[in-house]
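Asks: Chain residues, written in single-letter form:
Number of protein chains: 8
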Amino acid sequence: MDFDREHRTGLAEAVFCSGKSDTQLKAICGQLRQESRSMLFTRLAPEVFELLQSAFPDMIDYDSVSRTGFYRPRSQKDAQKETQKDKQSVAIVTGGSSDVPVAREAARTLEFYGYQSLSIDDVGVAGLWRLTERIEEIRSRQVVICIAGMDAALPTVLAGLVPGLMIGVPASAGYGMARGGETALQSMLCSCAPGLLVVNIDNGYGAACAAIRALNVQINR
Amino acid sequence: MDFDREHRTGLAEAVFCSGKSDTQLKAICGQLRQESRSMLFTRLAPEVFELLQSAFPDMIDYDSVSRTGFYRPRSQKDAQKETQKDKQSVAIVTGGSSDVPVAREAARTLEFYGYQSLSIDDVGVAGLWRLTERIEEIRSRQVVICIAGMDAALPTVLAGLVPGLMIGVPASAGYGMARGGETALQSMLCSCAPGLLVVNIDNGYGAACAAIRALNVQINR
Amino acid sequence: MDFDREHRTGLAEAVFCSGKSDTQLKAICGQLRQESRSMLFTRLAPEVFELLQSAFPDMIDYDSVSRTGFYRPRSQKDAQKETQKDKQSVAIVTGGSSDVPVAREAARTLEFYGYQSLSIDDVGVAGLWRLTERIEEIRSRQVVICIAGMDAALPTVLAGLVPGLMIGVPASAGYGMARGGETALQSMLCSCAPGLLVVNIDNGYGAACAAIRALNVQINR
Amino acid sequence: MDFDREHRTGLAEAVFCSGKSDTQLKAICGQLRQESRSMLFTRLAPEVFELLQSAFPDMIDYDSVSRTGFYRPRSQKDAQKETQKDKQSVAIVTGGSSDVPVAREAARTLEFYGYQSLSIDDVGVAGLWRLTERIEEIRSRQVVICIAGMDAALPTVLAGLVPGLMIGVPASAGYGMARGGETALQSMLCSCAPGLLVVNIDNGYGAACAAIRALNVQINR
Amino acid sequence: MDFDREHRTGLAEAVFCSGKSDTQLKAICGQLRQESRSMLFTRLAPEVFELLQSAFPDMIDYDSVSRTGFYRPRSQKDAQKETQKDKQSVAIVTGGSSDVPVAREAARTLEFYGYQSLSIDDVGVAGLWRLTERIEEIRSRQVVICIAGMDAALPTVLAGLVPGLMIGVPASAGYGMARGGETALQSMLCSCAPGLLVVNIDNGYGAACAAIRALNVQINR
Amino acid sequence: MDFDREHRTGLAEAVFCSGKSDTQLKAICGQLRQESRSMLFTRLAPEVFELLQSAFPDMIDYDSVSRTGFYRPRSQKDAQKETQKDKQSVAIVTGGSSDVPVAREAARTLEFYGYQSLSIDDVGVAGLWRLTERIEEIRSRQVVICIAGMDAALPTVLAGLVPGLMIGVPASAGYGMARGGETALQSMLCSCAPGLLVVNIDNGYGAACAAIRALNVQINR
Amino acid sequence: MDFDREHRTGLAEAVFCSGKSDTQLKAICGQLRQESRSMLFTRLAPEVFELLQSAFPDMIDYDSVSRTGFYRPRSQKDAQKETQKDKQSVAIVTGGSSDVPVAREAARTLEFYGYQSLSIDDVGVAGLWRLTERIEEIRSRQVVICIAGMDAALPTVLAGLVPGLMIGVPASAGYGMARGGETALQSMLCSCAPGLLVVNIDNGYGAACAAIRALNVQINR
Amino acid sequence: MDFDREHRTGLAEAVFCSGKSDTQLKAICGQLRQESRSMLFTRLAPEVFELLQSAFPDMIDYDSVSRTGFYRPRSQKDAQKETQKDKQSVAIVTGGSSDVPVAREAARTLEFYGYQSLSIDDVGVAGLWRLTERIEEIRSRQVVICIAGMDAALPTVLAGLVPGLMIGVPASAGYGMARGGETALQSMLCSCAPGLLVVNIDNGYGAACAAIRALNVQINR
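Chains as they are written, first to last, in our numbering: chain B, 1 to 221; chain E, 222 to 442; chain P, 443 to 663; chain D, 664 to 884; chain F, 885 to 1105; chain L, 1106 to 1326; chain U, 1327 to 1547; chain X, 1548 to 1768.
Hints listed in this document are in silico derivations from the structure and should not be mistaken for laboratory results.
Wrong hints could be hidden among the right ones.
As the list claims (entries may be wrong) - Across the chosen pairs, the derived CB separations fall in these ranges:
1. P:S463 x B:Q31: 26 to 36 Å
2. P:A487 x B:D122: 46 to 56 Å
3. U:S1390 x F:D906: 38 to 48 Å
4. E:K247 x P:S506: 27 to 37 Å
5. B:D122 x U:D1448: 32 to 42 Å
6. F:D906 x X:I1682: 53 to 63 Å
7. F:V949 x E:D243: 51 to 61 Å
8. P:S463 x F:D906: 27 to 37 Å
9. U:Q1350 x P:S463: 48 to 58 Å
10. B:H7 x P:S506: 55 to 65 Å
11. F:H891 x D:E710: 48 to 58 Å
Unchecked claim - Rough simulated footprint, nothing fancy, chain P against chain D, three-plus residues with beta-carbon under 8 Å:
12. 683-690
13. 818-824
Each residue gets a CB set at the ideal place from its N, CA and C atoms; glycine is no exception.
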């Protein structure tokens, strides 16, 4: 594990579980136990979480929607630093209910680093008033993470209405020409609203890391 | 030329000039003169129009934005039938100024068949109020043709607000991941608003033909 | 749920079940029961239908070919309005037997909104007389929905023969270069017959919604 | 040059001029003069033909539509053998006028090898009767070469009507989703009519070579 | 079923079983029984064959490598006509052992129509002498069907050595950039050897149908 | 023009000149003159700048590397607000000299809004020490914009070394598999370093807008 | 089997097991037993290994990470020749733990031919010091095989630091825009570091074969 | 310029001129003059070479086929070291005449570093004996660079016949499905001959650099 990364970038390494064998994941947990470290696990299947928890009781706090787990709570020192953080500086907005797992991965990553976030779901622009009813809530946040699949029209509309940092996460849900999220990704990259930033398909974790980069810098100043 | 098509489908053949040699285009004009027919020419470069007009004075009424020309006005009988038509049954809406040539190709095709249309330009949803100011005008039309490039978020928002037939035309303008209009096309096909129909990139002519199919049927009933 | 959409567009929201968890679907049914609303469910697996029906007896009328279900019949008021509708204004035409599930999704969506439709199956143009035998039946409809996979030659031939609104639905069936329906989609978008409109691959629901938009407008006039 | 190829396969090498420098083409002509050989030149620009002809008077018989030239007529021995050939065994059919240059490249290649062919142009299936009027003429040929662009629906309809060897040539003409002929190519490869064979986009030369392979074998038996 | 196709094209319809439900396949068998017809079934899983055979004893002669079955032997009249056929006019050549199922589908299709064929397997050009040892056998055939995956170099080498009709079938086997046979397909379409014809990926059936078209024509003359 | 956008989002609309006709651009300048507004012009060819400047003397300050121009300096009120801004909060880093025009477009956009930026060019990681020599300078910035083409390895290395907000801009320069910047884009989206954000190919303007969103928020708090 | 290949190229054929049936694999083993040959099996599933070993005891030495097996140890003569080989001339470097199976396939292929290799895992450049700590070890090797997925930034950095032959192997692990290793492949092909060579996705076997080609030549000189 | 690269990797940086402005290229030449260094320029247009040479007389030795130029001959020390090099250790083989410019770029790069190479042109495998006549010459080289476009069958055949290091360079020449060299690239990556290595399309320079890596290592041992 790259335990020095947090020192350099403010972001510890996380464990992307998909594609790792049980043996590899247990070895990582063993290393964490030995070094008394905390760690975020993403794309963690429920049955694998149970397997790990039975061997490592410090593997705690599984969330089945986002498929994330925490190894040990973060240290006291970290917790203290976090009290200085604006707990509600991030809004996480989704177009539809199939985007929720990605949104929760972002929320859980923020939570692991001590940030709370506001979740606003199901405000896709095919029903525009759903968004306009809640726009003031969203406008007040420093960072807006917007998860959208299919045509991904929501982040463009949002980015034309809010002043904060806008991060789009294309969602893989959909069929046919949705192409596993590639259409949503392309659409976000071609947004007519200036300053919309994009991460990989379904990468809620990466969007949260970017939000933390933006917020950390402010604290450090 | 397929002069029987109009009888069967209500739509005469048109001449898509791009890629046709001057020799081929002159041969077509010659045939039209001999048969005393009118015809719509699309993708017609200004210098080619001039060349044709100098040899065939019936080649009239060139529009440089849409790059369309008419060979002879349509016949009296056609004109009469057209008086029965609802002159304002179609709205043509664009997201930005680079979509205008495609929009005008649609408008000119409608005009050739005796339909007027309402043009509403530059109401892309990155500036949402531009659209909402004009939405009632659009809502009252039977058919809405919406030209949009880049992320093509506009037709999704529109299709969630209007009850009429919605036809999306992806525009090729843009750069990078706009991929010559493919992103806009994919985005429209994946629209979260139900019932949005799509034609080929930049195909304003085809969108107008579809609108005429919808309107013809109503007249015939 | 976006219960206001029908008021604006004449089309209620439908529930696309694929990718939604049982928990999410039950929550939707609960909401429908509470608000005494009817709803169309698409891409609904038979075992999920049974699960829902056991908890919500109003979940009725499952069709296994189209994988659609209805929650409650539509209201009296809706039914009355429907008597004004032309019950046979839509033809749904398929090229081959593997296109039938998509065709039935379109037919069921129309049925939910009170429209009957004429189904004509297996008239692919590799055996041209199968189509020519039935062309007069098709020509008399206001809207023709044509489902075709592989090379999708059928909608081009059809669109050259009928005057009504033509909607093509690419089917995902096939192998190799059929690419899950992308070849059929591209082929339809490039149709040499003017005015052919296209929806997403396998999107029978969307084609029906577009047909309803065209027909609603006529009724409203 | 691979002068032995004709002995092995019945097909001499040809010179694909596109991308070759004037220097390279002159060197080839020099070699042909020295060895007293005849040769087919394809994709030969008119100005390059003139340049070559001024230096090599044996460079004859340029056709500007197909952009082909012949270096020397083929030898007496070849000519005699050709008298045994069925002069009208191949039909070359196009969907539209933009397919004609590719069709002529096929016709000229056949001509170079001593075969005449029947050209039937502009019978695309968006106007079906144009094809049905001429289908009996086409049905009587041993080989049918069909050039079509855009949606390439024509070869599928043809292959369902004729018993001979069917060779499809996708044409690059078109715009948007025609993708330089890739949609036509994919469509032909996915044809629902069995036994349709395909060559590279715009490859009229290759289609003619395949036809010669089929016809040579019959003569040799 | 399109029972008239054989009359027009010399090729009866076949049943592509993949994606058809058991119900649909049984209905087809019922129709065949009623009309006393024979039929080729392709992409037929062994368990489905058993299911069909238990209900329809005329479903005979299953081959598990090609996954093909025959419904009833072809009629007497057909058998007689076949005695006139050159039983060994086709060679079927593969590059490697993973291409064999596709090769056998071609061989079985030929067999259904009364043609025998010569199978030569595992002569990929990465070991060139494997091919050169057998080239004379292949050269004597009227038609050569060549199945190859991955880089598909074999058909180009073959087409430079044999005079007969060359049909390439790209095979889907492979990994990574083989892209399910698309690389082999593209490679064949770009062959530097003139006159190589191509069918869809894994389409052994289509290649055989094309061979029959070529051979039928010769018989009919 | 969408003059209200700045009020909502802190970012005024800019004029993307590519694809706009001279007539359209002059109309925009006329509108700006009438409303006494300042505006950023991007993708502005030098000859078009000269044309505009001759008619509108307020069109000033053209930069030929970035192809940007300013219409009027920004207002006093804006200038005052800018004095509160951290003038050196953004670093703009390029991998090679062909990335410089994109980098300058970002720098000029920042300049138009009153931000200075630090430019560090030609530090691609194929020569790693070029980067390591300057890493401390980069680490101290709040936002790092990194332009890279080809394999785009630089932003991944950077994002593992710096704590600030990381924005990657794929550059279109390159050949072959660089695919006009798509490989660089895909590579950035798949970065193994968490929190790297991406914009469209060559979109230096968009990257700068995103940086301004991040910095504005800090000022507003 | 192509038993002559080793004589010509120094590389015996290997058995790529994926997609081969048990029957085909047993036939190969039978042939090996009869000819007393040794053979490398790749992409060999553990259950298939067990099946083969129970019938052929010479099938030995299965490695479950690389999924490779050896049939018989290589002959004495081979072993002798191998003593002349530099046992540590190859380094195999991975970016992350999901690249390890591909790396082991390369290591096992080398081992089968009598070469040892140095494995250095998990030195991806998102944590640059992990690589710099071990760079001197890598620099001393004649050949460096580098396996990397996602953005594949590692081989570019490595190729700028080491003088030996550099072979990149794109790994298929990843999600979204990783596209099964295509992004890593494109990124490597566009590397800004000169002289990086690339093989197919996940092709550890091919990379090892190339290394053996380079090393064999040296021995032979 | 990265003047330290040669020390680390044995390969100096080269100047890829395409896309660099005259100003940028002159600045590079100025730097070279000041530091008395030699340098290879690739993709250098003849008119740009003349411009540079008129200002910098040390810019010498332009080759118009490969479009390469040398700035100053390499130093004495370099020249001495080169006398130890095997002057004929590399063969550069092309399939056809359109591959020659890429082949010459490789040859010139080798020449700049003091290696001679053997060029064998026009031995594509559609005429197999052209290759077999020259195979022994090729077999004796340590490294074989093979440039091939279209279907790229040549490197597979070669790699099955020669023991040396095999480097394939896909060529962009071709039309239709050649896709600017992508088909050749994919074909090489999927080669059935083990150990074929690949570089970017048209990247003769990169292939030569890889050859130098392989040869340098041998010298250094």
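Asks: Each hint should be assessed against the structure and marked as holding or not.
Replies: Structure-based check of each hint:
For S463 (chain P) and Q31 (chain B), the Cβ-Cβ distance of about 34 Å falls inside the hinted range of 26 to 36 Å, so the restraint holds. Between A487 (chain P) and D122 (chain B) the Cβ separation comes to about 23 Å, which falls outside the hinted range of 46 to 56 Å. Distance hint check: the CB atoms of S1390 (chain U) and D906 (chain F) are about 39 Å apart, consistent with the given range 38 to 48 Å. For the pair K247 (chain E) and S506 (chain P), the supplied restraint of 27 to 37 Å is violated, since their beta-carbon distance comes to about 60 Å.
Range check, D122 (chain B) to D1448 (chain U): Cβ separation about 41 Å, and the 32 to 42 Å hint holds. The supplied range of 53 to 63 Å is met by D906 (chain F) and I1682 (chain X), whose beta-carbon atoms lie about 56 Å from each other. A hinted range of 51 to 61 Å holds for the C-beta pair V949 (chain F) and D243 (chain E), which are about 58 Å apart. Distance hint check: the CB atoms of S463 (chain P) and D906 (chain F) are about 30 Å apart, consistent with the given range 27 to 37 Å.
Between Q1350 (chain U) and S463 (chain P) the Cβ separation comes to about 42 Å, which falls outside the hinted range of 48 to 58 Å. Range check, H7 (chain B) to S506 (chain P): about 59 Å between beta-carbon atoms, so the 55 to 65 Å window is met. A C-beta distance of roughly 52 Å is found between H891 (chain F) and E710 (chain D), which places it inside the suggested range of 48 to 58 Å. A stretch counts as covered by a chain when three or more of its residues have a beta carbon under 8 Å from one of that chain; for the stretch 683-690 of chain D and chain P the count is 0, and the coverage is violated.
Under the rule that three or more residues need a Cβ within less than 8 Å of chain P, the assignment of the stretch 818-824 of chain D holds, with 5 such residues.
Checked against the numbered hints given earlier, this structure breaks hints 2, 4, 9, 12; the rest are met.
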